[in-house]
Structure formats: structure tokens, C-alpha cells
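Undergrad: Sequence:
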Amino acid sequence: MKGIILAGGTGTRLYPLTKSISKQMLPVYDKPMIYYPLSVLMLAGIKEVLIISTPRDIAGFLSLLGNGQKIGMKLEYAIQEQPNGLAEAFTIGESFIDGSPVALVLGDNVFYGSDFGSRLLESAELKTGSVIFGCHVADPKAYGVIEVDDEMNILSIEEKPENPKSSYAVPGLYFFDNKVVEIAKKVKPSKRGEKEITAVIEEYRKNGELKVNIMGRGLAWLDTGTHEALLEASNFVEAIQKRQGLYVACIEEIAYRRGYITKAQLVELAEPLIKTEYGKYLMDISTERNLQPNK
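So that you can map any letter, position 290 of the sequence shown is 289 in numbering that gives the first Met the number 0, and since no number is skipped, the others follow by simple counting.
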């Protein structure tokens with residue numbers, strides 16, 4: 000399976016912070032925001048990732064992450080000229096996808112949970128159909144909303160409805176088979192002028208090829224689209240890291256534990272950062288005993 004991070008948009012809700020920099024380059028506590036969605040794809044075992052951003056911002060991501068070789072990945076880049084909707088990511092990335100199943104994650108989402116990695120690995124085994132996640136939220140009107148029956152079968156999906164049929168929102172993480180490109184090509188712009196991801200999901204639902212993975216109370220999903228939400232996400236990550244002593248979305252650590260890179264490569268990444276807490280953490284990881292990198 001391949002992965003796409005959609006890190007476009009203008010980030011107007013975060014002005015003036017985003018007048019000169021991508022929203023996904025802003026810090027969420029101690030890391031650039033894009034580390035968080037990238038870590039999600041890495042936890043799913045995905046090594047080939049396409050990062051889609053704006054003409055202004057694409058160079059910044061390339062400077063930050065390069066081609067991904069240092070963390071055992073292959074990163075490619077593409078431009079979305081205008082914020083025309085999430086479904087456009089699949090047509091922009093058609094040549095990258097090249098007939099493979101694909102996962103799409105939005106560049107401004109933060110996920111955290113004890114069994115989240117195992118759920119991701121399971122979802123990444125998908126060969127046919129699609130898998131989406133559902134998360135209980137206080138204000139579903141701000142998101143895509145799924146209606147489910149008592150057996151968690153999806154009955155309907157709506158984009159930012161005025162009268163939501165449930166409290167289950169669809170977070171920005173989706174897994175699709177290779178039919179998604181052709182489905183996305185047929186999506187027409189909505190009243191908002193965007194090619195909605197909900198139209199793609201609805202097509203899979205109508206064909207009986209849609210499964211939902213409901214995130215329970217042990218899994219957290221944080222949106223970072225407003226100043227308040229960005230601060231809350233930073234405070235959340237700080238609290239977890241200080242209490243547990245384990246970093247959230249540390250891409251070098253994940254690369255090592257997933258077996259993407261060796262201990263020697265991890266040390267090489269840590270050495271230039273050794274005067275920082277981040278670098279010291281990486282060095283501590285490299286000296287752990289009885290470490291099982293692929294767990």
C-alpha cells in the first residue's frame with residue numbers, strides 16, 4: 000500500500016500565522032505538524048508516500064523531509080494548484096498510486112492511542128473496498144458524519160450537515176483499493192465548489208465495499224484547524240511526553256522500531272541533534288535493551 004498526505008489549503012483560519020508558511024509546517028509542541036500524519040502512515044507500515052501541497056509551500060516540505068531516504072522511506076511531491084477538495088488528491092496522485100491500494104491522511108490531523116498502530120497495520124492489509132474510521136465528537140456539524148446501525152453498518156454519510164444523524168465524525172484518514180482513482184475522476188464539485196471525499200466514500204458504500212473502524216475512548220483524534228485547537232494539540236502532546244517519557248510522532252523512532260532503518264542509522268540521525276532533548280531521546284532509543292524494532 001502507498002500513502003498520500005494532503006498538506007494543501009490556505010489555512011485562513013490560522014491567519015496571520017499562515018500568511019507566509021504552510022499550516023502543516025507550524026509546530027505542534029516540539030515537531031512540525033506534518034510529522035504527525037507522516038507518523039500515521041509509517042505506523043501502518045507504508046514506505047512510499049506522496050506529499051501534496053501548494054506551489055508556495057512544496058519547497059518547504061522538500062527541504063524538511065527530502066526524499067525520505069534517511070528514515071528508510073521514499074517520499075515524492077506534487078502540487079495542488081487550488082484547494083479543490085480532498086478527492087482531487089487521488090487524481091493528482093494517479094501516476095504515483097499506479098494501481099496500488101492507497102491510504103490518504105490529512106496534513107493537519109493528530110492521532111494517538113495505545114492500539115492505534117495495530118489498527119493501522121490491519122487497515123493497510125486492504126486489497127479490495129475501503130476502510131474509514133469513525134470518531135465520536137461533541138460537534139459533528141463541523142465534519143463529515145456517518146450514520147450507523149446497531150451492528151455498525153454505515154447507513155449514510157454527509158459532509159458538514161446542519162442536522163447530523165449521529166455523533167460519529169470521519170477523521171482525516173482513509174484506506175482505499177485501486178478503484179479509488181477512477182471513482183475520484185467522476186466526482187463533481189459540491190455546492191461548496193469542492194470535490195468531496197464523502198462522494199468517494201458514498202460510492203464504496205453503495206457498492207457494499209465500505210467498512211468502518213470506530214475509534215473508542217482509548218484513541219484520541221485532534222484537529223488543528225484553529226488557534227485554540229492548535230494550542231490544545233500542543234498541550235496534549237506535551238502532557239503525554241512529559242508524563243510517559245515517550246515521544247508522540249517521532250518519525251525517526253518509528254522508522255527504527257518498524258525496521259525501516261538500523262541502529263547505526265538512528266544514531267547518525269541523532270548525533271547532529273544531541274544538544275536538544277529530541278536528539279537525546281533518539282540516542283536513548285538506540286541504547287535500549289531487548290528492543291523489538293518491528294513491534
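Honestly, the hints are just simulated from the structure, not real lab data.
Note that the structure is a prediction, hence the values are computed from the model and not measured.
Don't be surprised by glycine CBs; every beta carbon is placed ideally from N, CA and C.
Some clues are possibly wrong.
[What the hints assert, rightly or not] Distance windows between CB atoms, simulated:
no. : residue 1 : residue 2 : range
1   : A219      : K140      : 16 to 22 Å
2   : D114      : K18       : 35 to 41 Å
3   : R55       : R191      : 18 to 24 Å
[Stated by the list, open to error] Subject to a maximum C-alpha distance of 35 Å in a straight line, what follows is the list of computed DSBU-like cross-link-like pairs (lysine-lysine):
no. : residue 1 : residue 2
4   : K18       : K241
5   : K159      : K178
6   : K210      : K274
7   : K178      : K241
8   : K262      : K18
9   : K187      : K140
10  : K126      : K184
11  : K178      : K210
12  : K241      : K69
13  : K18       : K69
14  : K205      : K184
15  : K241      : K279
16  : K126      : K140
17  : K190      : K210
18  : K205      : K185
19  : K184      : K18
20  : K30       : K279
21  : K69       : K140
22  : K18       : K210
23  : K184      : K210
24  : K30       : K46
25  : K184      : K274
26  : K73       : K187
27  : K274      : K69
28  : K178      : K69
29  : K205      : K30
30  : K205      : K46
31  : K178      : K190
32  : K190      : K126
33  : K73       : K164
Undergrad: Now, for every hint given, state plainly whether the structure supports it.
TA: Hints versus structure:
no.: 1; hint: A219 x K140: 16 to 22 Å; verdict: 20 Å, holds
no.: 2; hint: D114 x K18: 35 to 41 Å; verdict: 39 Å, holds
no.: 3; hint: R55 x R191: 18 to 24 Å; verdict: 23 Å, holds
no.: 4; hint: K18 x K241; verdict: 32 Å, holds
no.: 5; hint: K159 x K178; verdict: 25 Å, holds
no.: 6; hint: K210 x K274; verdict: 46 Å, violated
no.: 7; hint: K178 x K241; verdict: 43 Å, violated
no.: 8; hint: K262 x K18; verdict: 40 Å, violated
no.: 9; hint: K187 x K140; verdict: 22 Å, holds
no.: 10; hint: K126 x K184; verdict: 20 Å, holds
no.: 11; hint: K178 x K210; verdict: 15 Å, holds
no.: 12; hint: K241 x K69; verdict: 27 Å, holds
no.: 13; hint: K18 x K69; verdict: 30 Å, holds
no.: 14; hint: K205 x K184; verdict: 17 Å, holds
no.: 15; hint: K241 x K279; verdict: 14 Å, holds
no.: 16; hint: K126 x K140; verdict: 32 Å, holds
no.: 17; hint: K190 x K210; verdict: 27 Å, holds
no.: 18; hint: K205 x K185; verdict: 15 Å, holds
no.: 19; hint: K184 x K18; verdict: 31 Å, holds
no.: 20; hint: K30 x K279; verdict: 15 Å, holds
no.: 21; hint: K69 x K140; verdict: 41 Å, violated
no.: 22; hint: K18 x K210; verdict: 39 Å, violated
no.: 23; hint: K184 x K210; verdict: 22 Å, holds
no.: 24; hint: K30 x K46; verdict: 20 Å, holds
no.: 25; hint: K184 x K274; verdict: 49 Å, violated
no.: 26; hint: K73 x K187; verdict: 32 Å, holds
no.: 27; hint: K274 x K69; verdict: 20 Å, holds
no.: 28; hint: K178 x K69; verdict: 32 Å, holds
no.: 29; hint: K205 x K30; verdict: 40 Å, violated
no.: 30; hint: K205 x K46; verdict: 31 Å, holds
no.: 31; hint: K178 x K190; verdict: 25 Å, holds
no.: 32; hint: K190 x K126; verdict: 33 Å, holds
no.: 33; hint: K73 x K164; verdict: 41 Å, violated
Hint compliance for this structure: hints 6, 7, 8, 21, 22, 25, 29, 33 are broken, all remaining hints hold.
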